[in-house]
Every structure is written in C-alpha cells, then in structure tokens.
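Trainee: Go ahead and model the full structure; you've got the sequences and the hints to work with.
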Amino acid sequence: RPTPSRPTAPRPEKKATPAARRRMAQMVISAALLLAVVAMKFLFPAALERCRATLLELLGADTDFVEVFSAAGRAFSSGSDALTDAYTAVFGAAEVPASGSSVPRTDDLPGNVDMLQRVLNFDYADPVPAGDITSLFGARSDPLEGGGRFHYGLDIAGEEGTVISAFADGVVTAVGDSTDLGKYVTVTHEGGYSTLYAHCRRITASDGQQVRCGDPIAEMGDTGRATGVHLHFELHQDDVYLNPIYYVTFA
Numbered sequence: 015r016p017t018p019s020r021p022t023a024p025r026p027e028k029k030a031t032p033a034a035r036r037r038m039a040q041m042v043i044s045a046a047l048l049l050a051v052v053a054m055k056f057l058f059p060a061a062l063e064r065c066r067a068t069l070l071e072l073l074g075a076d077t078d079f080v081e082v083f084s085a086a087g088r089a090f091s092s093g094s095d096a097l098t099d100a101y102t103a104v105f106g107a108a109e110v111p112a113s114g115s116s117v118p119r120t121d122d123l124p125g126n127v128d129m130l131q132r133v134l135n136f137d138y139a140d141p142v143p144a145g146d147i148t149s150l151f152g153a154r155s156d157p158l159e160g161g162g163r164f165h166y167g168l169d170i171a172g173e174e175g176t177v178i179s180a181f182a183d184g185v186v187t188a189v190g191d192s193t194d195l196g197k198y199v200t201v202t203h204e205g206g207y208s209t210l211y212a213h214c215r216r217i218t219a220s221d222g223q224q225v226r227c228g229d230p231i232a233e234m235g236d237t238g239r240a241t242g243v244h245l246h247f248e249l250h251q252d253d254v255y256l257n258p259i260y261y262v263t264f265a
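Per our numbering, the sequence shown runs over residues 15 to 265.
Derived by calculation from the structure, the hints in this document are not laboratory data.
Honestly, I wouldn't trust all of these hints.
Said to hold, decoys possible - List of simulated lysine to aspartate or glutamate pairs, EDC-like, C-alpha gap at most 20 angstroms: (1) 197 x 233; (2) 197 x 221; (3) 197 x 229; (4) 197 x 137; (5) 197 x 173; (6) 197 x 128; (7) 197 x 174.
Mentor: Shown next, in the form of structure tokens:
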C-alpha cells in the first residue's frame, strides 16, 4: 500500500510593514481619485474646473500622490484624448498656487519645460543641508530688471560658503563662469539627467571628475546675476528642464 503523504504545514504569512500598508493605501486612494477626476471630466466639467486648485493643493501635499498621477498621466497620454484632457485639467499648474493666485496652464509653458514629477531610478540627496527657498521654478518677475521671465531652477538661500553637494552619482561635465550664472558646475547623471549649480563662491570639483551622491562640489556664493547669497539649482533630462521642488526634502 502506498504510504500516505504528510500534509504540508502551511507557511506563516508575512505581515506587511506599516510603511508598506500606508503606501498601498495611498496607491488605492490615488487610483480612486484619478477615476473620480475622469468621471467629473465627462459628467461635470464645470465642477472640475472649480475644484481644480483644491485638487492641486491636495496632490502637492503628498509626494506619493504626485508620483502615482505623473506615472498614470504618462501612460494615459498615449490613449484617449478624453483621459489626457482630464489629466491635464488637474496637472496644468507650474506649482501648487498660493491662495488667491491664478493657476497657469501647461500650454503657457516654454516648450522645453515639463512640470510633472518624474520618477528617478537612482539615489539622490539635497544639494545643500538646509536653506530657504526664495524663488520657485516657473514664471516670475525678474528680480533685477523686472518684467516676466521664466525661472528654470530653484533658488535656495543660505550662508556664504555653505557646502554644495552632488545631487546624485555622476560625472562633472562643465565648470565655468558666466555673466548670468556666475561660477557654476554641471554634473551628468544616469538616464540622461543632469544638474546645474550656479552663483557659487568657489567650485571645488574638477571637470571630468567622477562624484558620488553627497560629495562636495562647490560653495554657495553670490557670483553672476544674483541679488544675494544662494544656490540656483537646475535639474534636466536631456534637453528638458524639470521642476526641482519634488526632489528637495526641506521644501
């Protein structure tokens, strides 16, 4: 007679960590909110426009929401025009607007600008340990000459000589001095990304040098077209300027 096989003892289930449960909840809520936006676009377009600013404030308050919707928007952008319109209706702002301010639309932006958050597939860190953000990425009045001018970076004020660190692993591809940027350094990262650090007092990295995330590369200053000591920080992917605000933790 064949020997009856022993029943296999059930494996204990792995419990999800609180962080994993929280992230899953955020994903579910984000997906539900996206579906609600699409439904509103079809059924109540006027109501969607009225609550657009509120949705932007909600999304801007939690980076995970922005990440999920950015990924979803890129996926839907190749699909129906209606889905794309619904997505654009929510994400047409340069940044979360202040109370009472108007919400700029994506069709007002320069062609080489993308306001949506992109998921970076590498480790990165703040370029300075702390600071005050004095000028956001987007349209602004020029502080020296007046008039409208698009600001392609994030201005972070701090003490003169504050160490500026590499945003991520990469190679220093430019070190220079210009009338506008003052002393600046550019680092190229993987995936076509690059960062620029301008108005520096001193550049401590060399052209062609390999740097790791957090390595010192410069010191904060006020060289070039500057109204005070600060870092002008830019993030690009290929020829497109991205909004650095998503990747600075003290913002």
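Trainee: Please verify whether residue 197 and residue 221 have alpha carbons no more than 20 angstroms apart.
Mentor: Roughly 13 angstroms between the alpha carbons, so the hint for residue 197 and residue 221 holds.
Trainee: Check whether the Cα positions of residue 197 and residue 174 lie no farther apart than 20 angstroms.
Mentor: holds (14 angstroms)
Trainee: Take a quick look at whether residue 197 and residue 233 sit within 20 angstroms of each other, Cα to Cα.
Mentor: Judged against 20 angstroms, a Cα distance of about 10 angstroms means the pair holds.
Trainee: Residue 197 and residue 229: Cα distance at most 20 angstroms?
Mentor: OK: residue 197 and residue 229 at ~18 angstroms, within 20 angstroms.
Trainee: Holds or violated: residue 197 with residue 173, Cα cutoff 20 angstroms?
Mentor: Roughly 16 angstroms between the alpha carbons, so the hint for residue 197 and residue 173 holds.
Trainee: Is it true that the CA of residue 197 sits at most 20 angstroms from the CA of residue 137?
Mentor: violated (26 angstroms)
Trainee: Residue 197 and residue 128: Cα distance at most 20 angstroms?
Mentor: violated (26 angstroms)
Violated hints, listed in ascending order, are 4, 6; each of the other numbered hints is respected by the structure.
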